[in-house]
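Asker: Here is how the chains run, residue by residue.
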Amino acid sequence: MALNIAVCMKVAPDPDKYNQISLDPVTKTLVRSGIDSVISGTDLHAIELALQLKTKFGGKVTLISMGPDSNEKQLREALGYGCDEAVLLSDRKLGGADALATSYTLSKGIEKMGGYDLVLLGNASDDGSTAHVPSQLGEWLGLPHLTDVIGFEMTEEGCCLAKKEVEGAINTYKISLPAVIGVTKRLNTVRHPNVMAIFAAKKKPFTKLTAADLPDLDESRIGLAGSPTQAVGYLDADFHRDCVEITGRDDTEKAAELLRVVLAAKK
Amino acid sequence: MWYMNEEREMLQSMARELAETEVRPFINTMEETSAFPHEIMKKIGEAGILGLFLPEEVGGCGPRWVDLGVCLEELGKESFVIANAVCSQYAGTSLLTMLGNEKVNKEVLEPICRGDFVMATSQCEPAGQTRLHDHKTRFTVDPETNEIVLNGGKIFTTNAGAAEYYLVCAKTPDPEQFGGEFGYILVHKDTPGLTVGHIEHKIGWNGSSTGQMFYNNVRVPMENLLLVMDMDEETTYYGGGNIGALMGVSMLGAAEGVYEKTLANARSRMHGDASIFDSYQAMRHSFAELKMEIELLRGLAYGVLEGLDNGDADVIEQAWAVKVKGARIFEHVASECIVLNGGNGVIRENGIERYLRDAKLCSIGCFALPHITEMIANHLE
Ligand SMILES: Cc1cc2nc3c(=O)[nH]c(=O)nc-3n(C[C@H](O)[C@H](O)[C@@H](O)COP(=O)(O)OP(=O)(O)OC[C@H]3O[C@@H](n4cnc5c(N)ncnc54)[C@H](O)[C@@H]3O)c2cc1C
Ligand SMILES: Cc1cc2nc3c(=O)[nH]c(=O)nc-3n(C[C@H](O)[C@H](O)[C@H](O)COP(=O)(O)OP(=O)(O)OC[C@H]3O[C@@H](n4cnc5c(N)ncnc54)[C@H](O)[C@@H]3O)c2cc1C
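Protein chains in written order, with our numbering: chain C, 1 to 267; chain L, 1001 to 1381.
Only chain C is shown next, with the shape it has when bound in the complex (with noise of 0.2 Å):
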């Protein structure tokens, strides 16, 4: 039961420098020149899961990402964990999508590579983190889909058996294949990267494809055009603390103070 895989991959900023990623006042739009990009940190355990899928099923694994042409790094990057093949959509068409253009985008592009089993995203990303994306794929695509994931197996029959933590339980479900799978962090350890990977992943295939490229595309659905959630405003959140200094002669009087500046604030 070889399995066909086909991983999402969103490359965002470096979770270890969003402090020094801001907002522009005027276009609304993140400041992030200067942060290195990265793998976003969920996607490495939908990684994971494929490749471990593969090392027992047999099959081939798929990177699949939308964005800019600088995200064939983290691409090569992710080859370089073990992954088969990588495609890129990257065209200005694109740009400014939010989470449904993106997963209509992404299905478009999944369409076109053709004929997966399984389909894995990680279930929030590292910097947008709506986790809408895996959810619509699924609807895009007419495929079973699940999110949530925390644990994954094969049955016997061909189907999967994905566990999701729902109020304090664990619901299983079977799912048939093909399905689209949001996996969580806590579903694996990700690998480190192998150096015959590495060496290899310059060599695997890797195909950039543009908005031309994708099949029965409607263009009023993609980039910025295609994107029903905007972002028109924002507010820098507020961390000012005032200091109270508590006085008395002694800690009797001291915590009657401190009970009355409490009280007066509550008001």
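Hints in this document: simulated from the structure, not taken from any laboratory.
Predicted model, so just to flag it, every value in this text is computed and none were measured.
There's no promise every hint is true.
[Stated by the list, open to error] Among the chain L residues that face chain C by a calculated CB cut under 10 Å, a handful are: (1) Ser1013; (2) Met1014; (3) Phe1156.
[Claimed, not checked] The following label-pair restraints were derived from C-beta to C-beta distances: (4) L:Arg1024 with C:Glu165: 24 to 32 Å; (5) C:Pro205 with L:Phe1214: 53 to 61 Å; (6) C:Ile170 with L:Phe1214: 53 to 61 Å; (7) C:Gly34 with L:Asn1005: 46 to 54 Å; (8) L:Lys1042 with C:Asp242: 48 to 56 Å; (9) C:Ser176 with L:Glu1349: 49 to 57 Å.
Every residue, glycine too, gets a C-beta built ideally from N, C-alpha and C.
Using the hints, position chain L with the ligands against chain C.
Answerer: Only chain L with the ligands this time, still in chain C's reference frame:
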């Protein structure tokens, strides 16, 4: 850097991640108990780093010197001991890979490449590492069974008690009959007669086990006598340079590691409203001096590794120089960094002073500096 490319950037970030996630949490245990890092070696093997010096036949892709250097430098930043554990595997296996012996490949080199176990090279004796002709360990051949019978003792064997196999240097009973004065014999750790003696308490390199080994009537099949050769200064001089270069690039990493930690501290430690880095020009100049030393070593180390990748036989003096200058620069940087950290620099828990203790050992372990200098002097034209 001139030697970097996209692949090497990936190797670098892989090794860095390995160092930060696997090595860093284990350092306190190594410092306190001197436990050998078997699990870390397994991870390093799985990541393919040991394969960078081992050939394809045993699962590697080596030797790839600059690639290996990039990984050792990153591991060395966290822990010289871990980087050096990789170097010690190169030292042991470099003799074995030349043999093309299928049994050795399968039973010893393939598992080492995967990180399943480590080996040891057992050579130094009380007479003095360099006084090979005065060494006492020797073997005879049992005429009835045709077995090798090994007798003797060694000191300062790295990985004593931690290794699966010991490659023991012993005198042959008859140099003419055997075609040389010394034989290298492979002995499995469970062979009767092999005993691990005292494990030394060293100034540094905690986590690397250095100890005595005793071989009393150790019997192994004749096929375990893997290599016979005459050994003199020439064989050491021409055979040992590569390991010197690998240790040197590990020292580069370690020097950078302690430098970076110290710089981060200087930038965040406040004296009044400003950091000590911003407050005092004397501090900034000290960092600038150390940075120059580090970059000098980088140029030398990667120049040699690139030379080795290109098969340049002329790099032998430079290769030894990487070990000598590496040890000196590492020690100097580590020593200065203690000072630049103030009182915090001498506190064990802060992880600064261990770099100096590790640096000191680099002048001795695997060819002492005066010995190297002597060899270079003897080869001056
Ligand atoms: C701060 C911030 C706030 C945002 N807020 C919103 C918002 O409120 N509503 C909205 O619709 N959009 C929003 N976006 C935009 C949104 O993040 C991205 O435009 C969209 O590409 C994916 O949404 P997500 O990152 O939230 O995906 P999620 O649904 O959180 O991502 C889940 C998984 O989907 C896959 N995936 C997501 N993007 C890609 C990609 N480009 N290529 C390949 N795989 C991918 C990955 O496997 C990822 O782990 C926001 C972006 C930022 C940076
Ligand atoms: C931590 C550690 C790990 C080690 N690991 C191993 C190992 O795995 N396998 C192994 O076989 N050995 C190992 N050694 C031994 C190491 O190689 C020797 O300790 C080192 O070469 C010095 O030899 P010695 O101890 O016999 O010192 P001595 O011979 O007593 O040397 C004393 C001094 O004389 C100098 N000297 C000696 N010979 C010469 C010469 N020919 N020319 C110029 N100066 C000279 C030395 O440099 C030194 O400064 C290890 C040592 C240490 C400390």
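Asker: Against chain C, is Met1014 of chain L within 10 Å by beta-carbon distance?
Answerer: holds, 5 Å
Asker: Could one say that the CB atoms of Pro205 of chain C and Phe1214 of chain L fall in the range 53 to 61 Å?
Answerer: holds, 57 Å
Asker: Next item in the hint list is Ser1013 of chain L. Is there a CB on chain C closer than 10 Å to its CB?
Answerer: Cβ of Ser1013 of chain L sits 8 Å from chain C, so the hint holds.
Asker: Between Gly34 of chain C and Asn1005 of chain L, is the Cβ distance one that fits in 46 to 54 Å?
Answerer: Because 22 Å falls outside the window, the suggested range is violated.
Asker: Can Phe1156 of chain L be said to touch chain C, with a Cβ gap under 10 Å?
Answerer: violated, 31 Å
Asker: Holds or violated: the 49 to 57 Å window for the beta-carbon distance between Ser176 of chain C and Glu1349 of chain L?
Answerer: holds, 56 Å
Asker: Take the C-beta atom of Arg1024 of chain L and the C-beta atom of Glu165 of chain C, compute their distance, and say whether it sits inside 24 to 32 Å.
Answerer: holds, 30 Å
Asker: Between the beta carbons of Lys1042 of chain L and Asp242 of chain C, is the distance compatible with 48 to 56 Å?
Answerer: Holds, since Lys1042 of chain L and Asp242 of chain C (Cβ atoms, about 54 Å apart) stay within the stated range.
Asker: Measuring from beta carbon to beta carbon, are Ile170 of chain C and Phe1214 of chain L in 53 to 61 Å?
Answerer: Hint holds: Cβ distance 56 Å, inside 53 to 61 Å.
Of the hints listed earlier, those the structure fails to meet are numbers 3, 7, in rising order.
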